[in-house]
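Undergrad: This is what each chain is made of:
There are 4 protein chains.
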Amino acid sequence: MIRAGIIGATGYAGAELVRILSGHPDAEISAVGSVSYEGKPLSGAYPAYYRLCDKICENEKDVIKKSDIVFAALPSGLSQKIAQECFCAGKFFIDMGADFRFKRENDYRRWYHGKFIFPELHEKAAYGLPELFRENIKGSRLVANPGCYATAVSLALAPALESGLISPDGIIADCSSGVTGSGRKITQNTHFPELNESMTAYKAGCHRHTPEMEQTLSTVSGKETHITFVPHLIPVSRGILATCYAKLKPGVTMEQLRNAYEKRYGREFFIRLLPDGCTADIKNVRLSNFCDISLHIDSHTKTLIAVSAIDNMVKGAAGQAMQNMNLMLGLDEKAGLTSLPPAF
Amino acid sequence: MIRAGIIGATGYAGAELVRILSGHPDAEISAVGSVSYEGKPLSGAYPAYYRLCDKICENEKDVIKKSDIVFAALPSGLSQKIAQECFCAGKFFIDMGADFRFKRENDYRRWYHGKFIFPELHEKAAYGLPELFRENIKGSRLVANPGCYATAVSLALAPALESGLISPDGIIADCSSGVTGSGRKITQNTHFPELNESMTAYKAGCHRHTPEMEQTLSTVSGKETHITFVPHLIPVSRGILATCYAKLKPGVTMEQLRNAYEKRYGREFFIRLLPDGCTADIKNVRLSNFCDISLHIDSHTKTLIAVSAIDNMVKGAAGQAMQNMNLMLGLDEKAGLTSLPPAF
Amino acid sequence: MIRAGIIGATGYAGAELVRILSGHPDAEISAVGSVSYEGKPLSGAYPAYYRLCDKICENEKDVIKKSDIVFAALPSGLSQKIAQECFCAGKFFIDMGADFRFKRENDYRRWYHGKFIFPELHEKAAYGLPELFRENIKGSRLVANPGCYATAVSLALAPALESGLISPDGIIADCSSGVTGSGRKITQNTHFPELNESMTAYKAGCHRHTPEMEQTLSTVSGKETHITFVPHLIPVSRGILATCYAKLKPGVTMEQLRNAYEKRYGREFFIRLLPDGCTADIKNVRLSNFCDISLHIDSHTKTLIAVSAIDNMVKGAAGQAMQNMNLMLGLDEKAGLTSLPPAF
Amino acid sequence: MIRAGIIGATGYAGAELVRILSGHPDAEISAVGSVSYEGKPLSGAYPAYYRLCDKICENEKDVIKKSDIVFAALPSGLSQKIAQECFCAGKFFIDMGADFRFKRENDYRRWYHGKFIFPELHEKAAYGLPELFRENIKGSRLVANPGCYATAVSLALAPALESGLISPDGIIADCSSGVTGSGRKITQNTHFPELNESMTAYKAGCHRHTPEMEQTLSTVSGKETHITFVPHLIPVSRGILATCYAKLKPGVTMEQLRNAYEKRYGREFFIRLLPDGCTADIKNVRLSNFCDISLHIDSHTKTLIAVSAIDNMVKGAAGQAMQNMNLMLGLDEKAGLTSLPPAF
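So the protein sequences, as listed, match chains A, B, C and D.
Here the first sequence stands for residues 1 to 344, where the numbers follow my numbering.
Here the second sequence stands for residues 1 to 344, where the numbers follow my numbering.
Here the third sequence stands for residues 1 to 344, where the numbers follow my numbering.
Here the fourth sequence stands for residues 1 to 344, where the numbers follow my numbering.
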C-alpha cells in the first residue's frame with residue numbers, strides 16, 4: 001500500500017481528501033497533519049469521521065516522515081519549503097495551493113505577493129490538470145493541483161480555443177461557487193443567516209484565479225489569451241458552475257464544436273460531454289470527480305456558451321489531487337474515484 | 001380609496017401583489033380572481049394569509065366590475081381581451097405578463113407565438129419601467145409591466161449605453177433567479193430534493209426575455225442593440241442577480257461611469273447605486289422594490305461589469321406594478337413601497 | 001411622534017426592531033446604539049438598510065438621552081444598569097434579554113449566573129407576554145420581553161393548562177429554531193457549510209429558557225409545573241416550531257380543547273388558532289408577529305399535541321417588544337404590526 | 001458476482017440502491033425495473049448517473065429473471081405478488097415497502113388498508129433491522145426492510161427498553177425528516193419555494209410508522225408498548241433526526257444507560273454511540289449507513305432523551321436493504337457500506 005500523508009487535513013480540502021483516500025484500493029492514509037488540531041483526533045474537527053478516521057493530527061515533519069506521497073492543503077505561501085523537504089527526501093509531493101501553479105514568477109508575485117524560493121523546484125513542477133497536461137504529470141514528482149475555478153473554466157473552453165473555433169479575445173467566464181470554496185474559516189458573510197437566500201459577485205474582474213486560467217488557455221490556444229472572470233457565491237455547500245462566453249469564428253457550427261470537444265475529451269472518464277438539450281448542473285457531479293460540460297450557441301449573437309460543472313472539493317481539489325497521485329505513481333488513473341455521484 | 005382588483009391572484013406574482021397592496025395607504029383590494037380557486041378563499045392557497053386576506057376568489061368579470069384598476073397576473077396570451085374589456089369600461093389596466101410589452105408584433109409572434117388582437121391597444125400601452133420611461137407611464141391607462149430579468153438587466157446597463165460609454169456590441173447578461181421565477185406550478189426540476197444544492201443554466205441564449213431587453217436597450221442606446229442572455233436557476237426562493245458585461249469605449253474611467261449612473265439614477269428612490277467596494281446582493285433587496293446596482297471594471301480587459309439585484313417578485317413583478325399604478329393614478333410613486341428590506 | 005431608541009441595534013434582534021419600528025405610524029427611531037459600530041452607520045452592518053437607515057450608531061448614554069422609550073437588545077447581564085438609568089430619567093424601558101424575566105432571583109442566579117442589582121426594579125418589571133399578561137404590561141414602565149422559545153411554548157400550552165384539560169406532569173416541549181436564534185456572532189457550527197443540510201438538538205434538557213417556561217406555565221396552571229424542553233437547530237434563517245406534548249385528562253375531547261383555546265385566544269389578533277386539518281408552519285408567520293397554533297390529539301395514547309409557530313425575531317423578539325411598547329404607551333396594540341406575512 | 005435486480009429503480013429509494021450497489025465488491029446490478037421509464041435509460045431519470053449507469057429500465061418480470069436477489073422499492077400493496085413470484089423461482093427477495101413488516105395482519109389492514117395475500121409468506125418474512133433481529137435475517141429468503149422513522153426510533157430506544165431502565169408508558173418520538181422521505185412524486189408542498197424556509201409537523205399522532213415502531217418496541221420490551229409519534233418535514237434533502245423521550249425508572253443513572261447501550265451496540269459497526277457532550281446530527285451520517293445515537297438526561301424531570309440520526313435513504317432504506325442482502329447471502333455484513341460520510 002502506498003502511504004499517503006496529508007498536511008492541512010482539518011481544512012475542507014484536506015478533510016475531503018481524507019474521505020476520498022479512504023476508499024483508494026492501493027493507498028492508505030499514513031498520517032494527517034494540522035497545526036490547530038495537533039495532538040487531537042481528526043474526528044474532533046469532523047464528527048462525521050468519528051470511529052472511521054480518528055487518527056491523531058501530527059506536525060508536518062512527522063507526516064512527511066511517514067509518507068511516500070505528501071499532499072499539502074495549505075494557505076498559499078506555506079508549501080514551498082515542504083515541497084523542498086519532500087524533494088530532498090525523495091517523496092512525491094502534491095500542492096493543493098497556488099505556490100507552484102505559475103510558470104512566471106511575476107504572476108505569482110503580483111497576485112499572491114510571494115516569491116519563488118526554490119526556482120528549480122518550480123521548473124520541475126507539473127500543472128496537474130490531467131485532461132490537458134497528462135503527460136507532464138506522469139513523469140513528475142511535484143504537481144501543482146489547479147485552482148477550482150481554473151479547472152472548471154479551462155476544461156470548458158480548451159477544446160474550442162485549441163481548435164480555433166472561437167476568438168481568444170473577449171472571453172467571459174461567469175462562475176458561481178458553493179460556500180466550501182471559501183474554506184472552513186468562519187467569517188461574517190459565511191454565517192448561515194447572512195449567506196442563506198443570498199447571491200452576490202465578489203472580486204469582480206480581479207480574482208486571482210484569473211492569471212491561472214489565462215496561463216492555461218494561452219498554452220492551449222498558442223497565443224496570449226485574456227479573459228474576464230467574475231466569481232459569485234451561492235448558498236449551496238459544494239459545486240462550481242462556469243458559464244463561459246466566447247465569440248464564434250464566422251460560420252462555426254455546433255457540429256464542429258462537438259467534434260472538437262469529442263476529439264479532446266471523448267476518451268476522458270472524468271469529463272462527461274452532455275448530449276444536446278442537456279445543461280451542466282452542479283447537482284449531478286456532487287461528491288464526484290466528474291466535470292460535466294454542455295455546449296450552447298446563441299445564434300443571433302454568434303456566441304459560444306460553454307457550461308461546465310464540477311464539485312469544487314473533488315475535481316476542484318481533493319479528487320483531482322488523487323487523480324494526479326494515480327498518474328504520478330503509475331496507478332490506474334481512476335482508482336478510488338469511480339463512485340456514482342448521488343442522484344439527489 | 002382606490003379599488004384595485006387582481007386577476008390571477010393565486011399565482012406567485014398575484015399573491016405577492018396582494019401582500020404589497022394590503023399595505024397601500026390609498027388603495028384597497030376590491031377583489032381577487034382565480035380560475036383554480038374560484039369560490040374559495042385566497043388563504044386556502046396561501047395559509048400565510050389566513051384571517052388577513054380570506055377574500056373569496058372570483059371570476060375575472062366580477063373582479064373587473066368591482067375595480068378601478070385591474071392587474072392581470074396571467075400566463076401570456078390571456079391578457080389582451082381583459083385589457084380591451086377594461087379599456088371599454090374605463091378602467092386602468094396593468095398587465096404583468098408579456099402581452100403588451102412589445103412594440104413590434106413580430107417580436108411577440110416569434111417569441112410568444114401570439115398575435116396582437118387589438119393593435120390600437122398596443123399603441124396605447126406604456127412599457128412600465130418607471131426609471132427609464134416614467135413620462136409615458138404617467139399618461140397611460142394601460143401599462144405592460146416588464147419581465148423580471150428584463151428589469152434587472154435594463155436598469156444595470158441603461159446609463160452606460162445611453163451615455164455611450166460602452167459598446168453596444170458584445171454585451172453579455174448572465175443572470176440567476178430564485179425559484180419563484182418559475183411560478184407556482186409544480187414540476188420535477190423544482191421538486192425540493194432535485195433543486196436543493198443545484199445550480200444550472202437554462203434556455204442558454206434563447207430565453208424570451210432577450211427581445212424585451214433588446215427593445216429597451218435599443219431605445220436607450222438609439223441603435224439596434226443585441227445581447228447574449230443566459231439565465232440560471234439557484235436554490236433560493238427570491239431574487240435576481242444580473243451580472244452584465246460590456247466593452248468599455250477607449251479611455252472610459254470609473255468616474256465617468258459613476259457620473260452617468262448618478263445622473264440617470266441619482267434621484268431615483270428605488271435604485272441604490274452602491275458605493276465603490278460594495279457589490280449588489282439579492283439578499284439586500286428581498287421583499288422590497290429596490291434595485292441595487294454596483295459597478296466594476298476589469299481593467300486588464302477593459303470591460304464594464306455592472307451587477308444589479310432585485311427581488312424578482314417585487315421590483316421584478318408586483319412591486320413595480322404597484323409603482324406603475326401609483327404613477328398612472330397620480331399618487332406618490334413610492335406609496336406602499338417604503339418598507340425596509342429585512343436585514344436577514 | 002414617540003422617540004424610540006435601540007441599544008444593541010447591530011445584533012439581529014436590534015436590527016429587526018429597526019425594521020419594524022420604521023413602519024410604526026406613531027413612533028420614530030430616535031437613536032441606535034452599538035458598541036462595535038459606534039460612530040459608523042447602521043447600514044454598514046446591514047447593507048439592506050443602505051440609504052434607508054444610515055443612522056450613526058451611538059453609545060448607550062446618548063441613546064437614552066434622545067429617547068422616550070429605550071429597547072435594550074443585549075447579552076444577559078448588561079441591562080440592569082440601563083434599566084435603572086431609564087427609570088431614574090423617567091423613560092420607558094423594554095429589555096429584550098433575560099435580566100428581568102424572573103420573579104425569583106434564584107432562577108436568574110442559577111441559569112444566568114447573575115444577581116438582581118436593583119431588586120425594586122424587578123418588582124416593577126412586567127413579563128411582556130401580552131396574550132397572557134396584558135394588564136400587567138399596560139401599567140408598566142419596565143417590561144421584560146420573553147424569550148423566543150418561552151413565547152412559543154407558553155402560548156401553545158397555556159389554555160390547556162389553565163383549563164385543567166391536561167396534566168401538568170410530564171409535559172414535553174420539542175422545539176426547532178432557525179439560525180438567527182443563535183445571534184449574529186459567528187461560530188464554527190453556524191458557518192454555512194457546517195449548518196447547511198444539518199439538524200441536531202442542543203442543550204437537551206438543560207436550556208435556560210426552561211425555567212422561564214416553567215414560571216409562566218406554573219402561573220397559568222396555578223401549581224408548580226415542570227417541563228422537559230429540547231431545542232434543535234435547523235437550516236433556515238427564521239422561525240420557531242414548538243411541538244408540545246401533554247397527557248390529556250380522562251375523557252377530554254378536541255371540542256373541549258378548542259373551546260378552551262378559543263376562549264383564551266378568540267379575540268387575540270396575533271394568535272391564529274388554525275382550523276382542524278391544518279398544522280402550524282414557520283413559513284406562514286415569517287416576518288410577522290403572528291403565532292399560529294394547531295391542536296392535535298393522539299387518541300391511542302391520549303396525548304395532546306399542540307404545535308405553535310412564530311418568527312423568532314418578531315413574535316419571539318422585536319415584534320413582541322413593539323407590541324409591548326404599544327401597550328405601555330396606550331397606543332393601538334397592533335400599530336405597525338399588521339403587514340401580511342409573505343406567502344413564500 | 002451476485003446478480004441483484006431492483007424493481008422501482010426510478011424512485012428515490014431505488015435510485016439510491018443503484019448508487020450503493022454499484023460499489024459492492026461481490027454484487028452487480030443485473031437489471032433495473034421501472035414502469036414510468038420502461039425502455040429508457042435510468043440516467044434519463046437521474047442525469048447524475050449519465051454514462052455510469054445507463055441501463056435500460058425493464059419490466060418486473062425481466063428483472064426477476066435476471067437476478068439472484070430482487071429488491072422491490074414500490075408503493076405499499078404492490079410487493080406481495082412479486083415476493084411470491086421470487087419465492088417460487090427460488091430468488092432472494094427484499095421488500096423496501098411495508099407489505100411484509102407486520103406480524104399481525106390487522107395492523108397492516110388498519111394502517112395500509114391491504115390484506116395478507118399469501119399468509120405463509122408473511123410467516124417466512126424476517127423484519128430487517130439487523131442490530132435487533134440479525135439472526136432472523138440470516139436464515140431468511142424474504143426480508144421486510146424497515147421504515148425509515150421506525151429504524152431511527154427503534155434503534156434509539158431499544159436498549160433502554162430492553163434493559164428496563166425506562167418506563168414503556170408515555171414514550172414520545174419527535175422526528176424530523178428530509179424531503180426525500182416524501183418520495184420523488186411532485187406535490188405542491190414539496191415545490192421548492194413552498195418548502196424552503198419552512199418547518200411543519202404532519203400526521204401528528206397518526207403516522208403509519210407508529211404501529212411498526214410499537215411492534216418492534218413491544219418485542220424488545222416484552223410487553224405491549226405504545227408511543228406517541230410526530231414526524232416533521234424540514235428543508236434538507238436527506239436525514240432523519242429522532243428525539244425520543246421516556247420516563248426513567250427511579251434512580252437510573254447515565255452510567256447504567258450507557259452500559260445498556262454499550263452492551264447492545266458495542267460491537268455494531270453501523271451504530272455509533274456518541275461520547276458524552278456530543279449530540280447526534282443528520283449531517284454526520286449523510287450518504288452513509290450509520291446510525292448515530294446520543295444519550296441525554298433531563299435530571300429535573302427524570303427523563304431520558306435519546307437522539308438518533310440516520311440518512312433516511314441509506315440506513316432508512318437502501319443501505320439497510322444492502323446490509324440485509326449481505327446477511328441473507330452470508331457475505332460480510334459491511335460489504336459495500338464502509339465509505340466515510342462526507343465531512344460537509
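These are computed hints drawn from the structure, not numbers from a lab.
Glycine included, every Cβ here is placed at the ideal spot set by N, Cα and C.
Don't take every hint at face value.
Cross-link-like lysine-lysine pairs, in silico, DSSO-like; alpha carbons within 30 angstroms at most [as the list claims (entries may be wrong)]:
1. K203(C) x K263(D)
2. K91(B) x K302(A)
3. K40(D) x K263(D)
4. K223(A) x K247(B)
5. K55(C) x K203(A)
Stretch-level coverage of chain A by chain B, calculated; a stretch enters the list once three of its residues show a Cβ under 8 angstroms from a Cβ in chain B [as the list claims (entries may be wrong)]:
6. 31-40
7. 96-102
Sample of chain C residues with no beta-carbon within 10 angstroms of chain D, all distances over it, derived [stated by the list, open to error]:
8. D26
9. K66
10. A89
11. R104
12. G205
13. R258
14. H300
15. L329
Undergrad: Would you mind marking each hint as holding or not holding in the structure?
TA: Structure-based check of each hint:
1. In summary, the hint linking K203(C) to K263(D) is supported, as the alpha carbons are separated by about 26 angstroms, within the 30 angstroms threshold.
2. Taking the CA atoms of K91(B) and K302(A), the gap is about 45 angstroms. The hint is violated against a cut of 30 angstroms.
3. Taken as a hint, the K40(D) and K263(D) pair is broken in the structure, with Cα atoms around 49 angstroms apart against an allowance of 30 angstroms.
4. Only pairs whose Cα atoms come within 30 angstroms are accepted, and K223(A) paired with K247(B) is accepted, the gap being roughly 21 angstroms.
5. Using a Cα cut-off of 30 angstroms, the hinted pair K55(C) and K203(A) holds, with the two alpha carbons roughly 28 angstroms apart.
6. By the rule of at least three residues with a Cβ nearer than 8 angstroms to a Cβ of chain B, the coverage given for the stretch 31-40 of chain A is violated, with 0 such residues.
7. For the stretch 96-102 of chain A, the proposed coverage by chain B is not satisfied: 0 residues have a C-beta within less than 8 angstroms of a C-beta in that chain, short of the threshold of three.
8. At roughly 31 angstroms, the least C-beta separation between D26(C) and chain D is larger than 10 angstroms, which holds for a residue marked as non-interface.
9. Consistency note on K66(C): stated as away from chain D, and its beta-carbon is indeed over 10 angstroms from all of that chain's, at 36 angstroms minimum.
10. At roughly 40 angstroms, the least C-beta separation between A89(C) and chain D is larger than 10 angstroms, which holds for a residue marked as non-interface.
11. Listed as a non-interface residue, R104(C) keeps its Cβ farther than 10 angstroms from every Cβ of chain D; the least gap is roughly 15 angstroms.
12. Distance to chain D contradicts G205(C) as a non-interface residue, since its nearest Cβ pair spans about 3 angstroms, not more than 10 angstroms.
13. Every CB of chain D is more than 10 angstroms from the CB of R258(C) (nearest about 15 angstroms), matching its label as outside the interface.
14. Listed as outside the interface, H300(C) is inconsistent with that label: its C-beta sits roughly 6 angstroms from the nearest C-beta of chain D, within the 10 angstroms cut-off.
15. Remark: the non-interface label on L329(C) is consistent with the geometry, its nearest Cβ contact in chain D lying 33 angstroms away (cut-off 10 angstroms).
In the structure shown, a violation is registered for the earlier hints numbered 2, 3, 6, 7, 12, 14, in ascending order.
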